[in-house]
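2 protein chains.
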Amino acid sequence: MGSFWDGFPELERELEDVRTLILDRASTDDRDVRAAIEHLLSASGKMLRPAFVLLASRFGQAEPRRTHRVAAAVEMLHMATLVHDDIIDGASRRRGVPTLNATAGARTAVLVGDWLLASSVSLIVDLGETQDARALAAITARICAGEISQSTDRGVIHTSVRRYLRRIAAKTAALFSLSFYVGARESGCPEPISSILRRLGYCLGMGFQIIDDILDFRQEGARTGKPTGNDLAQGIYTLPVILALRTEGGPRLGSALRRPPRSSRSAARAAELVRDAGGIEAARRVAAAYTERSLREIARLPATDTRRTLEGVTARLLHRDY
Amino acid sequence: MGSFWDGFPELERELEDVRTLILDRASTDDRDVRAAIEHLLSASGKMLRPAFVLLASRFGQAEPRRTHRVAAAVEMLHMATLVHDDIIDGASRRRGVPTLNATAGARTAVLVGDWLLASSVSLIVDLGETQDARALAAITARICAGEISQSTDRGVIHTSVRRYLRRIAAKTAALFSLSFYVGARESGCPEPISSILRRLGYCLGMGFQIIDDILDFRQEGARTGKPTGNDLAQGIYTLPVILALRTEGGPRLGSALRRPPRSSRSAARAAELVRDAGGIEAARRVAAAYTERSLREIARLPATDTRRTLEGVTARLLHRDY
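Going line by line, the protein sequences match chains Y and Z. Residues in the first sequence are numbered consecutively from 10, following our numbering. Residues in the second sequence are numbered consecutively from 10, following our numbering.
FYI, nobody ran anything at the bench for these hints, they're computed from the structure. C-beta atoms are modelled at their ideal positions from N, C-alpha and C, and glycine is treated no differently. Among the hints, erroneous ones may be present.
[Claimed, not checked] In silico EDC-like links for lysine to aspartate or glutamate, alpha-carbon gap of 16 Å or less:
| # | chain 1 | residue 1 | chain 2 | residue 2 |
| --- | --- | --- | --- | --- |
| 1 | Z | K55 | Z | D26 |
| 2 | Y | K180 | Z | D39 |
| 3 | Y | K55 | Y | E25 |
| 4 | Y | K55 | Y | E21 |
| 5 | Z | K180 | Z | D94 |
| 6 | Z | K180 | Y | D39 |
[Claimed, not checked] Output of the computed footprint for chain Z on chain Y, the stretches with three or more beta carbons under 8 Å from beta carbons of chain Z:
| # | segment |
| --- | --- |
| 7 | 39-49 |
| 8 | 120-128 |
| 9 | 137-144 |
Could you put together the complete structure from these sequences and hints?
Laid out in structure tokens, this is it:
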């Protein structure tokens, strides 16, 4: 789980419970499913989304049996999208661990992703909270639609900022937001608090994704484990590109991108044009605006230990370079 | 929709409504999603599962607005599995129409399948019937687990009949059964009737899948549009093979299958060994037993027009050669 939750031993313990819950669910179905899920969990990252569920639930009367299930459902949905992304990208490693795609083949990877999607909704539906199940199912569909639009936008240079923001809202911010919201609801938070948490999740998700997209332009992709200009090479034009195209250096970049760069060298060259045109700085300013909005939402929460934790997490997430 | 529902104009009209409902759902999300779904619907087959929902609902007080949604959800789940199957198999055509995989690429196909899965559950959850949503989500997970076990069984010759039956129960019969059951429940059928319908769906599904597997051994694969011995070539050993292995011709077949046949010619040769050993006839007897059980369940239903329709459908499905 890396060191992201160092200093939050209680949360780390709870996240361990969530992992166990996911594994247990997999065990009831089939030994092959269990093996696949075990493999995926061995490469699980920060487990941000379940952590958000757990943190949000502390603003109400958390009932661990329920909140842990909701947290597991949210992580399973996220895992499903990662597994399917790796198939789509033909990725062979994620966070240093071979992808399921690479070890078990695309066939099993497609099916395990489907199993995760179905089991995620199933976990929540079983709790009997129709509204939460509705939200989760709707957001799953939205994430897919967002990815489909990103997929058909590939190679289209002149995407508007608005379309980009809508895309990352569907792709990332919606699930961040849902995680906070269902955590709050499951623990019976008063509506004003759960609304603040939902907005916090949205802003945090937007800022997080923009920074993720910026990190794709780092000169050495060592810490993220992805090569520089990976998105560019796939014809995915993110905020730094969109904003760079509007500067003086825009036309030069535009002609360089007339077709998506095929080699990693030409991707690195295009990334340099984006940096030189000031695309990174401009994108950082947009991310900073979301960080500020996140902190403003946090300031409206009751002054508890959890609020301080959220401040710390926001700082770590939105000032990270990994 | 072919001619399967010829003679049932009312049902054909209702199925048309179901298709419209699916398309409408797709339209709310994204134009790219809509285009993909439109393409898929243009190649939709008999629409058995939604028809089962509609037929079952006639044993209660059907409320079209609800039953049509349930029927759409069930078909969307089925569509999702087909889309993902086509990616897995690298299929370029289905029912004579290019697969989504072939026209839009694996990337979009993975995502559209995911969108269908999520939207299917979402449609049912929106109806507020937790029990039905639970059943649908659970069955989706079960279908995936069944496919995963089929996937890891590939190339394993000595599968037991029991494991085969469990596999097709998960892959096909579970959703047939669910379709009848939710149709009945949504229209407020008394429990004894909905139990009969659920069992009918199960038996019909088992018989249907066994016949489907038998048809893979036809000498000319003209009507199914698949080459002879397609399953064999993929190392998927179905009931005819499993039963043929137990006959006098078994050892010869066993050594022929020591590795999955790679060329279509060697697949056709292995299929001939299965036929010669009497594997087809033996499998037909198992299918016939399920047909009989289906007819027995139907006989226990109230004697209505719908019951007669079900008798006709069962005969068409279980005596088909396409």
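Check, residue by residue, whether the segment 137-144 of chain Y contains three or more positions whose beta-carbon lies closer than 8 Å to a beta-carbon of chain Z, and give the verdict. With 4 residues in contact (Cβ-Cβ under 8 Å with chain Z), the coverage given for the segment 137-144 of chain Y holds.
Coverage of the segment 120-128 of chain Y by chain Z (three or more Cβ within 8 Å): holds (count 8)
Measure nothing beyond the straight line between the CA atoms of K55(Z) and D26(Z); if it is 16 Å or shorter, mark the hint as holding. holds, 14 Å
Satisfaction of hint between D94(Z) and K180(Z), Cα-Cα up to 16 Å: Satisfied, since the Cα-Cα distance of roughly 12 Å is no more than 16 Å.
Given the hint that K180(Z) pairs with D39(Y), does the C-alpha gap stay at or below 16 Å? holds, 14 Å
Given the hinted pair K55(Y) and E21(Y), is their Cα-Cα distance within 16 Å? holds, 10 Å
Take the C-alpha atoms of K180(Y) and D39(Z), compute the straight-line distance between them, and say whether it is at most 16 Å. Given that 16 Å is the threshold and the Cα spacing comes to 14 Å, the pair holds.
For the segment 39-49 of chain Y, do three or more residues have a beta carbon lying closer than 8 Å to a beta carbon of chain Z? holds (count 4)
16 Å Cα cutoff - pair K55(Y), E25(Y): holds, 12 Å
Taken one by one, the earlier hints all hold for this structure without exception.
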